[in-house]
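Asks: Residues 1 to 157 (the numbering used here) make up the sequence shown, in order.
Please keep in mind that the hints were generated in silico from the structure rather than gathered at the bench. Bear in mind the structure is a predicted one, so any value in this text is a computation, not a measurement. Every residue, glycine too, gets a C-beta built ideally from N, C-alpha and C. Just so you know, not all the hints are guaranteed correct.
Taking lysine-lysine pairs in the DSSO-like style, the calculated list, with each CA pair at most 30 angstroms apart, reads [stated by the list, open to error]:
{"no.": "1", "residue 1": "K80", "residue 2": "K123"}
{"no.": "2", "residue 1": "K81", "residue 2": "K26"}
{"no.": "3", "residue 1": "K21", "residue 2": "K80"}
{"no.": "4", "residue 1": "K125", "residue 2": "K147"}
{"no.": "5", "residue 1": "K125", "residue 2": "K81"}
{"no.": "6", "residue 1": "K127", "residue 2": "K147"}
{"no.": "7", "residue 1": "K123", "residue 2": "K81"}
{"no.": "8", "residue 1": "K123", "residue 2": "K147"}
{"no.": "9", "residue 1": "K123", "residue 2": "K21"}
{"no.": "10", "residue 1": "K26", "residue 2": "K80"}
Label-pair ranges, simulated between beta-carbon atoms [to be verified]:
{"no.": "11", "residue 1": "R118", "residue 2": "F61", "range": "27 to 35 angstroms"}
{"no.": "12", "residue 1": "K125", "residue 2": "A9", "range": "29 to 37 angstroms"}
{"no.": "13", "residue 1": "S143", "residue 2": "F61", "range": "32 to 40 angstroms"}
{"no.": "14", "residue 1": "N19", "residue 2": "R86", "range": "38 to 46 angstroms"}
{"no.": "15", "residue 1": "N153", "residue 2": "M1", "range": "16 to 24 angstroms"}
{"no.": "16", "residue 1": "Q133", "residue 2": "G57", "range": "19 to 27 angstroms"}
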Amino acid sequence: MAQGIADEARLVAFFARNNRKADAAKVRRLAAYYIEEARAEGISSDVAFVQMCLETGFLRFGGLVTVDMNNFCGLGSMGKKSPGVRFPDERTGVRAHVQHLKGYASAEPLALAPVDPRYRYIKPKGKAPTVSQLAGTWAMDRSYGTKLRALLNELRG
Numbered sequence: 001m002a003q004g005i006a007d008e009a010r011l012v013a014f015f016a017r018n019n020r021k022a023d024a025a026k027v028r029r030l031a032a033y034y035i036e037e038a039r040a041e042g043i044s045s046d047v048a049f050v051q052m053c054l055e056t057g058f059l060r061f062g063g064l065v066t067v068d069m070n071n072f073c074g075l076g077s078m079g080k081k082s083p084g085v086r087f088p089d090e091r092t093g094v095r096a097h098v099q100h101l102k103g104y105a106s107a108e109p110l111a112l113a114p115v116d117p118r119y120r121y122i123k124p125k126g127k128a129p130t131v132s133q134l135a136g137t138w139a140m141d142r143s144y145g146t147k148l149r150a151l152l153n154e155l156r157g
């Protein structure tokens, strides 16, 4: 729960250093959406954006979640029979991600209308108030928090 430090240009530049082949217009849109949606919910846009980068392989995807799903955090992706939640557009996918992250970070209620269909399953709310605590909760990977921290450090220079 914090305000992001990086502006849109910095998010885009960070992303480009890691995937120059991505659609630049899409990356700019996503950066703007992450800043707006995270600000509305009181979440760090830096954390949410780097988590999107980690979860999607910098928009390369390649796992169960595909680009057409507008699912930028692997929400609901649990196996071949449950590849993940689909969202109608990019902004809704970003909002769902930010709302899910807020559920992990805080017990505060959502500020915007809920679009995350899995928000109700986060129990207790606020169980991972730090990036490090997302390891073993958001993702079973015990190095998950370390990976996010490394990306945050790269983003912030």
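Asks: Take the hints in turn and mark each one as holding or not.
Replies: Cross-check of the supplied hints:
1. K80 with K123: holds, 25 angstroms
2. K81 with K26: holds, 29 angstroms
3. K21 with K80: holds, 28 angstroms
4. K125 with K147: holds, 23 angstroms
5. K125 with K81: holds, 27 angstroms
6. K127 with K147: This hinted pair holds, its Cα atoms lying about 19 angstroms apart.
7. K123 with K81: Holds - the C-alpha atoms of K81 and K123 are around 24 angstroms apart, at most 30 angstroms.
8. K123 with K147: Given pair K123, K147 holds - Cα atoms ~24 angstroms apart, limit 30 angstroms.
9. K123 with K21: violated, 38 angstroms
10. K26 with K80: Holds - the C-alpha atoms of K80 and K26 are around 27 angstroms apart, at most 30 angstroms.
11. R118 with F61: 27 to 35 angstroms: The hinted range 27 to 35 angstroms is violated for R118 and F61, with Cβ atoms some 19 angstroms apart.
12. K125 with A9: 29 to 37 angstroms: About 33 angstroms separates the Cβ atoms of K125 and A9, which means 29 to 37 angstroms holds.
13. S143 with F61: 32 to 40 angstroms: 21 angstroms Cβ-Cβ, so the 32 to 40 angstroms window is violated.
14. N19 with R86: 38 to 46 angstroms: violated, 23 angstroms
15. N153 with M1: 16 to 24 angstroms: The hinted range 16 to 24 angstroms holds for N153 and M1, with Cβ atoms some 20 angstroms apart.
16. Q133 with G57: 19 to 27 angstroms: Check passed, 23 angstroms falls within 19 to 27 angstroms.
In terms of the numbered hints stated before, the structure departs from hints 9, 11, 13, 14, listed from lowest to highest.
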